[in-house]
Amino acid sequence: MSTRIAVIDPDRDRALTIVDGLRAAGDYEIHVLGDETGVAKKLAAIDPDIVLIDLASPNRDTLESLARAASPLDRPVAMFVDQSDDAMIRSAIEAGVSAYVVDGLRPDRIKPVLAAAMARFHSVARLRAELDATKAALAERKIIDRAKGILMKSKGCDEDEAYAMMRKVAMDQNRKLAEIAQAIVTAAEIMG
Amino acid sequence: MSRRRDHEHFTCGFIPLTDCATLAAAHEFGFAAEEGVALELVRETSWSNIRDKMAVGLFDVAHMLAPMPIAMSLGLSSFPARVAAPFVLSVNGNMIGVSSHIAKRLAAADRLLGLDAAAAAEALRSALDGAPLRIGAPWTFSMHTLLVEYWLSASGFDLEAQTSTSVVPPAFMTEALAAGELDLFCVGEPWGSMAVEHGAGSILLPATEIWAFAPEKVLGVREAELDARPDAVEALIRALYRAARWAAKSEHRGAVAEMLTRAGYVDAPTEVVERALRGAIFATPGGDGRHAPRMIELFDGAATFPWRSQAQWIAWALGRRRGVDGLSSAAAAAVWRPDIYRRALERVGAPMPTASSKLEGSLAEATEVGAVGGSLVLGPDRFFDGAIFEPRDGVR
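Same order as they appear, the protein sequences are chains A and B. The numbering of the first sequence is this note's numbering, which starts it at 839 and goes up by one. The numbering of the second sequence is this note's numbering, which starts it at 202 and goes up by one.
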């Protein structure tokens, strides 16, 4: 019988990425829950072997209480940490994921699931960091172009000279070029 | 965040609640920096995250529910770890409310806000009409759970047979009420008032009606930090003490509410947070107001002092249903560290209580007591049923 996994993640896109990762890692029956109330009832219906939860989900506290007491999940649930090593716990928490497993599930069935989930959490985080960096670079370029235009108009210089002027100020003041450009744009907006 | 090399750096987890005010003020208003401490506040979404990140050392210190360090240190919660509580961040602050369904029944009998705790339990019993009471609280090892259990059980409810408690994150409390999953809820501000604002429930009584001076949040400190840099921890405690003294002044409430809501510490309108700091409650949207003295206490009444007797009350209350025996009551008392609090603050002339333990519930009125370096006003700290908790004997 394949391991039944429930994935709780308010972030739909990431949840789907995790599902893809798990599918590639083995033969699992996977259910996805978003961030919602009534998570206890839904989990009871799914009766999962492993629950993977995003640390950003407030539902974690509810899940935690289900894991603790005689729960509607019928089968006793333990946190993965009870059965796994410290380094694994720390890296999972750093990656932003936690897992709950039914008692008695063999470690060799848990580890590949957790490893796949962590890998996907990391790759999503990397992609987002790249996207943010690209967006920021694009925004900086736009500001620098606008500042260049303002300088060219007011100083009557060409594009290269305008750029050189800003770069010199940036170097002299030990600030980023984009900051100088932003100051020019802001000043121009105020001065009209 | 830029790090100053000459500052002692603490990574501190917090939950977006009104009672993170002292931590936020220490950082935002420079009290930490003045003590040579850099406080990096990291917002978290669940108490489980706070516990885990403390356990593995991703946080050095954290905003914690008062029973958490005790539960962690005694190994009651998953992820046991040694965490000390040398400073109380807030006293009181919880609201007890009922679903609209129950509220309607109570209102029909003209018994909503304005009841004392004993009368409220009676009214609740008749409104339930024999049905089991479904309770929502944010966490198992919380004052919310312990106070509600104390109140109901002292009012004759059989907790096992007549009640069921589920953990509902504060942000979902409104939804769970609206979905008809809960009859009663206990939650910290701003979430009690927010549930009322959204019309999902009504406030029945502030938890101060159950215990007038209940420790609510503490600063949890990893024992590893205490061992490695005790001086830095003491500096942090001084920063928090000064921040709490400042934030608790009535003329600063507006600034504190602004800071909490504008700088992303709490997701609620400034006005709702300010109202809670002032101690004003609205039972129903736009409805009857009521003043609750000490609804959230950050400083006065020696609120920041970690009384060992408070830790023992928590151990006693946990023990009722969760198996803490007499032996571990001493272990619980050892988790709270008035000795560190004293060391940190004695030399700056803060008035210090002469004892580290007191009879909980013995003061009906605010009472001036002798203290080292000045005087302190303690109490009132009554329990609704008049019980007095003496650490050695339990409740009598």
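Quick caveat, the hints were computed from the structure, so don't treat them as lab data. Certain hints may be false.
As the list claims (entries may be wrong) - Quick list of the computed label-pair ranges, beta carbon to beta carbon:
no.	chain 1	residue 1	chain 2	residue 2	range
1	B	Glu-459	A	Ala-882	17 to 23 Å
2	B	Pro-333	A	Gly-942	29 to 35 Å
3	B	Gly-465	A	Lys-1006	33 to 39 Å
4	A	Arg-979	B	Glu-547	56 to 62 Å
5	A	Glu-1027	B	Glu-459	25 to 31 Å
6	B	Asp-330	A	Lys-879	39 to 45 Å
7	A	Gly-864	B	Pro-431	46 to 52 Å
8	A	Met-1009	B	Glu-452	44 to 50 Å
9	B	Ala-234	A	Glu-1017	21 to 27 Å
10	B	Arg-548	A	Ala-963	42 to 48 Å
11	B	Glu-459	A	Met-1029	29 to 35 Å
12	A	Ala-967	B	Ala-425	28 to 34 Å
13	B	Gly-465	A	Lys-980	23 to 29 Å
14	B	Thr-485	A	Ala-963	43 to 49 Å
Note that the coordinates shown come from a computational prediction; the quantities given were computed from them, not determined experimentally. From the three backbone atoms N, C-alpha and C, an ideal C-beta is built for every residue, glycine too.
So, going through the hints one by one against the coordinates:
no., hint, result
1, B:Glu-459 <-> A:Ala-882: 17 to 23 Å, "violated, 44 Å"
2, B:Pro-333 <-> A:Gly-942: 29 to 35 Å, "holds, 32 Å"
3, B:Gly-465 <-> A:Lys-1006: 33 to 39 Å, "holds, 38 Å"
4, A:Arg-979 <-> B:Glu-547: 56 to 62 Å, "holds, 58 Å"
5, A:Glu-1027 <-> B:Glu-459: 25 to 31 Å, "holds, 27 Å"
6, B:Asp-330 <-> A:Lys-879: 39 to 45 Å, "violated, 25 Å"
7, A:Gly-864 <-> B:Pro-431: 46 to 52 Å, "holds, 49 Å"
8, A:Met-1009 <-> B:Glu-452: 44 to 50 Å, "holds, 47 Å"
9, B:Ala-234 <-> A:Glu-1017: 21 to 27 Å, "holds, 24 Å"
10, B:Arg-548 <-> A:Ala-963: 42 to 48 Å, "holds, 46 Å"
11, B:Glu-459 <-> A:Met-1029: 29 to 35 Å, "holds, 32 Å"
12, A:Ala-967 <-> B:Ala-425: 28 to 34 Å, "holds, 30 Å"
13, B:Gly-465 <-> A:Lys-980: 23 to 29 Å, "holds, 27 Å"
14, B:Thr-485 <-> A:Ala-963: 43 to 49 Å, "holds, 44 Å"
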